[in-house]
Amino acid sequence: MNKIYFGGDYNPEQWPEQVWTEDYNYFKEAEIDTLTLGVFSWALIQKSEDTYDFTEMDEIMERARKEGKNVCMATGTAAHPPWMAHQFPDVTRVDFEGRKHKFGIRHNSCPNSPAYKRFSKKMAEKMAERYGDYENIIAWHINNEYGGSCYCEHCEAAFRVWLKKKYGTLDKLNEAWNTKFWSHIFYDWEEIVAPNALSEHYGRENVTAFQGITLDYMRFNSDSILNNFIAEKEVLKKATPAIPVTTNFMGMYRPLDYFKWAEHLDFISWDNYPPDMQSEARMALTHDLMRGLKKGKPFWLMEQTPSTTACRDFNAVKRPGVMRLWSYQAVAHGSDSVLFFQMRQSKGASEKYHGAVLDHSGKTDTRVCIETAKLGQELAKIGDAFTGAESKARIAIVFDWDSWWAVEISDGPSRYISYQKTMIDYYKALFHYNVDIDLISVDDDFSSYKLVIAPLLHMMKNNFDQRIEQFVQKGGTFLTTYLSGIVDENDNAILSERPGLLKKLMGIRIDETDTLHPDDKNYIELIADGWEGTYSCDTIFDLIQAKEAEAVAVYGDDFYKGMPAVTKNHFEAGEAWYIGAQVEAGFLKQLFGKILEDLAIQNPINAEEGIEIRSRFKDEEQYVFILNHAQKARKAVLDGVYRSLLDDRQYNGSGETIEVAAKDVVILKKM
Amino acid sequence: MNKIYFGGDYNPEQWPEQVWTEDYNYFKEAEIDTLTLGVFSWALIQKSEDTYDFTEMDEIMERARKEGKNVCMATGTAAHPPWMAHQFPDVTRVDFEGRKHKFGIRHNSCPNSPAYKRFSKKMAEKMAERYGDYENIIAWHINNEYGGSCYCEHCEAAFRVWLKKKYGTLDKLNEAWNTKFWSHIFYDWEEIVAPNALSEHYGRENVTAFQGITLDYMRFNSDSILNNFIAEKEVLKKATPAIPVTTNFMGMYRPLDYFKWAEHLDFISWDNYPPDMQSEARMALTHDLMRGLKKGKPFWLMEQTPSTTACRDFNAVKRPGVMRLWSYQAVAHGSDSVLFFQMRQSKGASEKYHGAVLDHSGKTDTRVCIETAKLGQELAKIGDAFTGAESKARIAIVFDWDSWWAVEISDGPSRYISYQKTMIDYYKALFHYNVDIDLISVDDDFSSYKLVIAPLLHMMKNNFDQRIEQFVQKGGTFLTTYLSGIVDENDNAILSERPGLLKKLMGIRIDETDTLHPDDKNYIELIADGWEGTYSCDTIFDLIQAKEAEAVAVYGDDFYKGMPAVTKNHFEAGEAWYIGAQVEAGFLKQLFGKILEDLAIQNPINAEEGIEIRSRFKDEEQYVFILNHAQKARKAVLDGVYRSLLDDRQYNGSGETIEVAAKDVVILKKM
Amino acid sequence: MNKIYFGGDYNPEQWPEQVWTEDYNYFKEAEIDTLTLGVFSWALIQKSEDTYDFTEMDEIMERARKEGKNVCMATGTAAHPPWMAHQFPDVTRVDFEGRKHKFGIRHNSCPNSPAYKRFSKKMAEKMAERYGDYENIIAWHINNEYGGSCYCEHCEAAFRVWLKKKYGTLDKLNEAWNTKFWSHIFYDWEEIVAPNALSEHYGRENVTAFQGITLDYMRFNSDSILNNFIAEKEVLKKATPAIPVTTNFMGMYRPLDYFKWAEHLDFISWDNYPPDMQSEARMALTHDLMRGLKKGKPFWLMEQTPSTTACRDFNAVKRPGVMRLWSYQAVAHGSDSVLFFQMRQSKGASEKYHGAVLDHSGKTDTRVCIETAKLGQELAKIGDAFTGAESKARIAIVFDWDSWWAVEISDGPSRYISYQKTMIDYYKALFHYNVDIDLISVDDDFSSYKLVIAPLLHMMKNNFDQRIEQFVQKGGTFLTTYLSGIVDENDNAILSERPGLLKKLMGIRIDETDTLHPDDKNYIELIADGWEGTYSCDTIFDLIQAKEAEAVAVYGDDFYKGMPAVTKNHFEAGEAWYIGAQVEAGFLKQLFGKILEDLAIQNPINAEEGIEIRSRFKDEEQYVFILNHAQKARKAVLDGVYRSLLDDRQYNGSGETIEVAAKDVVILKKM
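Protein chains in written order, with the UniProt record's numbering: chain A, 1 to 671; chain B, 1 to 671; chain C, 1 to 671.
Bound conformation, chain A alone (with noise of 0.2 Å):
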């Protein structure tokens, strides 16, 4: 790999070959080598049920191939054609209400219907087949954001057959989901149905009956899909080993186990559409825990807008520079690529004011194609720099989608705790420090770092509770949150005081948990030593009683005043930390100040608030990345001997300052 990949979706099919002139002409100039082709191409080439037709898709390849760009192939079965949901119903879903869906849309196949499994099977087997031999396709690239749910009739055959296969006997399904609670004991298999608005669900996704079998149904369902993708992956691997394979993520995906999926990709790709401007934080923890999926490994920015999307409520375009900062972060934070979604804007249809590189002017002294083409020539220039680098983080922070899914399905204690805005929360805090975090999954080795934290990791599993302690026993940091240790895999209570498995490890007894509205407010005290200040909770507040553990801080209000909300247990060489509210940002950022004082980590380059400081390792050498997020210039003071990539300026020793305009990018060598 002697650079990293720009470019992105390219969907030249859409237009007139004199476009696809200007098009090259611009990707030149840019310096644009990458291209991902074919993403909705089915109903183009596949025509029929025998009939497929690639005299347009070679003509778009074969001048990718002229021109010299890269391709990242599409196998096209994101959406199937109108004709295959007209012969072959079952290819279409049923939602979550029940309805059986008809053609439209997109990613609208059912993930175990018969017609779907072989189509898009074929699908992949004849574009390995027609375009294995190019040698600028440099990945495959399956199906397109993979996702949804259904729940139909050969869904819900395949689901008792999972369920078969993972149980063996009903009699382990009925313990397993607790089947004796109101009624539901299963003599035959053939009763069960899809947990959904019609049978175990009250209207809402989140509010079911009977958690067992919803989450089974969720991980059912995550493998279903998942099946689809190792199906087009097979084909793929037996016409073209060399080529890696991969599908585009969508970043923190609540239907999908990426933890589960990643062994099956070459590599991991995902798209960057991040919710608002202020989402430096989000997307950072994001990228780590792509980065995460695969230990460490680099991975694909596959998507992101180069200015503005169209699917939202309001679309606001990104402001000057917010392209590139984005695009440096994505590299800052282990990706080996800057792709767009995508390279001209369609001209009718739901992307019709979708951003895209070239608009529908197809001019090019736009704000977008001058900034896109400038940070193309700064690719351009670090060529391989750090390419493949990886990051050497001494802090995790524990992802776990079976969590998710059970938090957040669960009746009480609050339906207000959401699962993704509490890691925010937590990586939020840790951000401000500058400090290099990875996300790991429960499954993870922990022996590498000093700082464990794991919010509401609701399910144990694999052991966890004992390697964990292992890990703190050796001297590690561990911390955790109400809600914690407290359910095993099949979402049934731990039989103990909470925090259940974990009790022993945090040297606390929980017996009551109170919950109230967010608006209802308590706060705690911080009372140990060396600790001061009082910070809001509110939403859920544990009772703990200290047993073995020390109280950091405790209640301000109500009657549990005065018990522990934040508790600390010194265990062997290390530390285990419970948080027992949902406390203010405040508060954590203090918290996490004092145990990375404690760890001695730190980022040995100081800077003002807003610069993000990220770096890659290779070979040995050091690429530190800063990034300026904030509306005005920063400065950071240097720890040593420094080289800029861009500008090839040299920094010659510790405390040397740098500036850093409004929203601009420094990259270092360290040397």
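FYI, nobody ran anything at the bench for these hints, they're computed from the structure. Careful, some of the hints might be misleading.
Identical chains blur together in the list; that is why a pair holds if it fits in one copy or across any two.
Pairs of lysine-lysine, PhoX-like flavour, derived with a Cα cap of 20 Å [stated by the list, open to error]: (1) Lys632 to Lys561; (2) Lys347 to Lys172; (3) Lys547 to Lys363; (4) Lys238 to Lys618.
Note that the coordinates shown come from a computational prediction; the quantities given were computed from them, not determined experimentally.
Chain A is fixed; fit chains B and C onto it per the hints.
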């Protein structure tokens, strides 16, 4: 009945027998004497169409008998087993949206399903046969929290039969429903379909094009479910005529006309799950309503949580003392039991986090266990002191399901009118004065009351207008509000100026009723002799012309400034009050203060705000309950000689002050 | 036409004949001369597939004739009878959610149902045959408030036929809908399904994946319903060619393209139910639109409530004088009738509380009866003074259903853009100046206007761009806004920088349009000579580059601070204005103040705020309506000699001041 029953729902079938022993050890300590068994046991017992297996239930029953516990025995028909939904799909419901449900949740059976009717009756029969001779069964608990509605074709067919029986001819039905409106004349019974989102409703349950059919369907649905109850009751009574039969009601539950149900129950029982921590007046009202269903007979508190619910968006724990306080409140209002849901917390599914006496840890040194045991010991001490005791209220509030339904499904004048909220508003104003209140039906005898209040009594039926006129003629005081008196039992308008059939009694004429957004305030000015002040009003404004009546208050603003808003009519020996607008609480408080003063209805015990006082009478003895709902200690000044039941303290005369701690309770016997 | 028709909907079939006599007595007193009969009479008349029974309708008609009343005769086809839904299920609709409806509500027939098409045509035929020779029928009233939509298989099939007729080939359709996007290429007409929640839509009617198919379905649906109208009209015209035919429109009603419908109506009529008490500008706009549908011809006000609606969440009564004021407003804007819904209030079902002239009491000394009679007497006095009179506006606002649809179903740039709200905002700014305004279609001739305004004219069709250029070249002033000019008739983007086909005329270039949450405000600064002030703006912000145009205002904040927000382009003899952001009302008021001044368009009568002035012209005579919408008396200064029609007072010269009481009306004839 030798004491107040204490205990609650118990589901040992979800646990191994060693846990049962732990449970019974605690029951003994806590003086728990009554267990409700088998509520959701259908799937456990009936394993197929023809197989009933009582093995586990036998063990449970034997143990309860051996341990000397009273059993409230459920028939278990509140949730059908999965095999039944699979093999007899007619047992599941079609919802308001017209969607046929599959298996899931609970309370899930169509009341007119042939299979459900057959199997539920058979189940009751089997239970009676198996356990009917257990002398420790103190009641049959049929089904559980009956409710909901169904719109399937079986219901549709049964609805037509119900209509034929009610109307006899289509001409009468067409007249009742006013079907010349909007081309709705029915010429064949088969043309009538269930009114829901696919027929007469605009998406929402309260928004119908035809009030007549919707109202009749609500009545039909209530009757259909009542028929399920009666069918089970009949087989139980045949087998065990001596065991009283009940089912647990849900307080102010709109779908079922409990006044119509009550005659079929041997005693009333209900489940008390108030929406928030400030619900004392609401709970008081509801207890009074439950007591009123059987004309003042004691009822059972069948369920309450000892600590927290799970199904709400957030679920606060009951504060220290609150469980005990609310238990005694139930008793003060006529309950002869204090029962919980449930004895031991479920380990999985949607009630995993619902509070229970024994939680997942099984520890008995929790706050909940300690408070429960203390209460159990107190109740044991109290014994049968006032079991069976009744109230002697001189105030009645008329509660009417038909008016509730009619006023809330009405198109116009305002969808911001809530029957339940209005009842609570009026009750709250009286609650302040610590006067005993009965909740009665329109059919009840008024002669024992001095004051009858009927807010929102929209529908006139069974000569209510004439009977209430007689009540007033003889010296009674009657008070009603906007929207009262103006439709007949088919929800057709009384062809008269408003308040329709009550206009003569009220001595007023209303041609126009203005309604505004609740945020748009007007105000009233009190103008009658002895009255003063202004109060804000909103939402609805009757433009009253006082004829025989006197204007007590007039509007302060808008084009009807100066027109009466509140009137009083001297009608022979009595008085009739009309409240024409939704006025703020302060006015209602002043209003009832004056009326109670005039009628010389007052509690001889003078208490500070926050104290509730209620009395029960048994064999000429009076028991006075002083309940402190406030967050601080409050005082009351006694009017005579009393003995305190819980601490045997004697109070020796009028004027003595008693201080009641926050959330504490004093029970006095008048000597 | 010898006077303004006065009366309205009358449903005596719901009442016994003795009530009819009461009604007619009042009609006489109130000078009510016109009754709309039989609107929902289908079930009454057609009792089965083959049985028509006119007994009751004959009596009704005879009585009306005997009493000398004009009849607006309905065909009664707006709600099919229950037997029809039962025996011919294809008459009911399938809704947007894909749910097949059963019998209920009204306006419930599928427009492409074979049964409905057959029976509705037959019903019109029968009505014409039975009553066609009643000389007192002054109009046929087909159906009632046509509207809604259906997605059944009959509609789906008819949609394919409609598409074949429109596009001829699938290639053209695929091109129009841009189906290479998202794998949507259709190879067989049968593959096309109706776009709804089960196919192309994401749950909401405005959120579609394919604008092309959704837009065509909206057009198809409007056409389908229009075909129902035409089918009835044809049989009526055959039987009674001399009787004019109408149907009652609903003002700014999105589902039906009334400009396309208008040519098929002999005259326009509409139902005026404004959403609140501050709707004078909105109603004025809507009256102007209804008049504009037939190029200025007078219309009928077919319905308004005399007092209150019933279907709203709350339903305020019309304040004293308001019913009269709004009646005259309709007349001032071109109505030749003042008709109510309805004459006597229904006693049951969903319009039981809808206001009527005669209420449930039947008393005639109510405020409503008194105000109605007073108005009737005034209209009798006015006679035919200005019936048939037209307006002479020099300002036109372009209203376009296609743009309305396209802009609101668009994905991006902002779902906060409302076509209707924007039209009202621009109209309101002009309304302040008491200038006559025409609402016109894009196809109308602009030559009689000095100023043409086209807010949100998203879609360019029928050479609008060229025709409006010619208008400006010849000296006209044209004003448009953001989102105008940028899609073709298939909603595909004009391949150009914005404003697309209007860019030459506007002399500007727009590469980017920012959209933000409506709460995020920016502001504009007026910088051109003679302009001053700053105004807040929000929601949408075009980043304008002024080319030939002059910047009148620039943005005050954000990265586009200083870029033009409002521009003016001198284009040969005329001027072209472009408004690039949603700016607050104060700006539009200043803007139009200047433009009207420049164009010397102004009302010679100078009036205080709250006064509306409109004129009608007949046979060279001018009638001036002065309407005081304010809560207090307001003054106007006359410019010449006038005679007041209602009180015969003479105003003798320029400068004379006239005071109009709150809610009062003065009608002047210019002498």
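The hints, checked one at a time:
no.	hint	in the structure
1	Lys632 to Lys561	between (43 Å within a copy, 16 Å between copies)
2	Lys347 to Lys172	between (55 Å within a copy, 15 Å between copies)
3	Lys547 to Lys363	between (69 Å within a copy, 16 Å between copies)
4	Lys238 to Lys618	neither (32 Å within a copy, 86 Å between copies)
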